[in-house]
Amino acid sequence: MPRMPHLAAAIALASFAAAPLLLGPAAIAQGDPIAERQEIMKGVGDATRTGVQMVRGERDFDLEAARNTFAVYLDASQRMPELFPEGTETGGDTEALPAIWEEKEDFVALFEEFGERAQAGLDDTTDATTFQAALGTATQSCRTCHEQFRMQN
Amino acid sequence: MVDALQKAAVVIVAIAIVAVFGFFMLTEPDLQAAGLERVPGGEADLANGEALFWAGGCASCHATPDQDDPLRLGGGLALETDFGTFHVPNLSPSRDGIFGWTTAQFVRAMRGGVSPEGEHYYPSFPYTSYQRMSAGDLRDLHAYLMTLEPVDGVAPAHDLAFPYNIRRGLGLWKLAFLDGEPFAAPEGMDPVLARGAYLVEGPAHCAECHSPRSLLGAIREEARFAGGPNPEGRGFIPNITPHESGIGSWSQGEIVELLTSGFTPEFDVIGGSMGHVVDATSQLAASDREAIAAYLLALPPKPETPRE
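Chains as they are written, first to last, in the numbering used here: chain A, 1 to 153; chain B, 1 to 308.
For the record, the hints were derived by calculation from the structure and aren't laboratory data. A virtual CB, placed ideally from N, CA and C, is assigned to each residue, including glycine. Hints may contain errors.
DEER-style ranges, computed between Cβ atoms [claimed, not checked]:
| hint | chain 1 | residue 1 | chain 2 | residue 2 | range |
| --- | --- | --- | --- | --- | --- |
| 1 | B | E254 | A | E86 | 35 to 41 angstroms |
| 2 | B | G248 | A | E82 | 33 to 39 angstroms |
| 3 | B | S245 | A | E58 | 44 to 50 angstroms |
| 4 | B | D96 | A | R79 | 22 to 28 angstroms |
| 5 | A | T129 | B | S282 | 42 to 48 angstroms |
| 6 | B | S251 | A | T129 | 45 to 51 angstroms |
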């Protein structure tokens with residue numbers, strides 16, 4: 001009998017160690033998906049600032065910088081859909097709405113569309129005029145998605 | 001013994017009669033003086049009416065859902081709140097909407113929250129802000145609305161929990177929370193600030209979402225504009241006073257940018273209800289957006305309302 005507390009402790013310890021496995025691979029494989037997706041979105045915001053400032057003439061037009069805006073968008077569109085695994089619905093100041101998990105297909109489809117628009121921007125941008133048109137189209141995705149899938153803020 | 005019971009019964013019935021009578025007296029819509037003033041005559045200014053339409057964000061609630069035209073004001077949007085679900089009525093010049101309303105009836109609705117049938121409106125229709133508007137501006141807004149396309153269709157009745165479903169009871173609420181005072185700029189106020197104050201406090205009704213509310217559903221004045229829980233569900237509506245927890249670090253230009261394009265200073269794109277607000281404010285004259293920004297930056301700074 002005196003050995004029992006040790007056994008109980010050992011079982012408890014083992015359970016704690018195994019807990020992450022029970023949460024599923026998605027929850028641990030990405031490290032911190034909430035922080036990661038917020039970081040990506042911040043990058044999208046920075047790229048958008050550069051793009052908008054060029055369109056408005058607040059910054060000199062630069063073809064490479066213009067194309068880089070779309071490269072950032074394309075990268076975000078490919079990485080974002082994977083960063084909403086089960087278990088990241090709350091926490092870390094996330095503004096993700098439950099709709100992301102309830103209407104996953106719609107959510108993923110919006111990123112596909114965003115990716116297509118970003119690719120079109122990469123393909124079509126040759127000067128300030130073509131850049132402005134492509135940027136206008138691509139940034140429509142921001143509003144649509146924030147409208148449906150991000151918490152009021 | 002029988003005598004005492006009879007006396008008690010008489011007293012109870014008498015109290016009940018007085019209570020019912022008192023309730024009906026205190027909740028009489030005509031007790032509200034707001035919106036009963038004379039409407040100035042003369043030709044309505046449609047351009048001014050249109051500007052007020054965008055400033056007021058009428059379309060945010062009244063536009064027919066699931067279509068893109070903000071000028072189709074068929075109503076039908078469901079607003080889910082702690083009090084129950086409000087169904088936004090038809091505001092188009094259809095027989096299901098405001099067809100046949102007189103200007104006086106429109107002013108009464110906007111400033112006094114009383115319908116042409118003499119019933120109280122719920123303050124989900126923000127007449128607590130619209131009461132600040134001038135009768136002349138409301139005449140122009142009414143004339144503009146009457147130029148829009150009629151859209152047929154009647155929204156369902158509101159679906160509210162007891163006691164909020166007793167419409168007449170709103171008379172008591174109004175006695176407490178509707179003062180009926182139109183906006184008047186303090187003497188010597190800078191004209192740009194005065195224009196901003198009129199727009200923010202009146203038609204644009206910013207405080208209605210950007211403030212916390214008491215259990216009775218009235219804005220907590222000490223925290224006006226300091227942010228509050230989203231009345232329509234999850235999330236938090238931000239502090240728009242120039243405090244570090246609000247827009248203290250924003251420039252006037254950055255506020256104008258948000259009201260024009262929806263970009264925040266971080267070039268985040270806002271969505272949700274504020275996205276619809278920006279659809280409207282982007283249609284305003286630039287000078288009006290600048291006035292709104294100037295007034296917000298002149299508000300007393302307040303720390304953000306604690307999040308629960």
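Here is what the structure says about each hint:
At roughly 37 angstroms, the beta-carbon separation of E254 (chain B) and E86 (chain A) lies within the given 35 to 41 angstroms, and the hint holds. In this structure, G248 (chain B) and E82 (chain A) meet the distance hint of 33 to 39 angstroms, their C-beta atoms being roughly 37 angstroms apart. A hinted range of 44 to 50 angstroms is violated for the C-beta pair S245 (chain B) and E58 (chain A), which are about 29 angstroms apart. The supplied range of 22 to 28 angstroms is broken by D96 (chain B) and R79 (chain A), whose beta-carbon atoms lie about 48 angstroms from each other.
The hinted window of 42 to 48 angstroms between T129 (chain A) and S282 (chain B) is violated, with their beta carbons roughly 23 angstroms apart. Under the hint 45 to 51 angstroms, the C-beta atoms of S251 (chain B) and T129 (chain A), about 29 angstroms apart, miss the expected range.
Comparing the model with each numbered hint stated earlier shows that hints 3, 4, 5, 6 do not hold.
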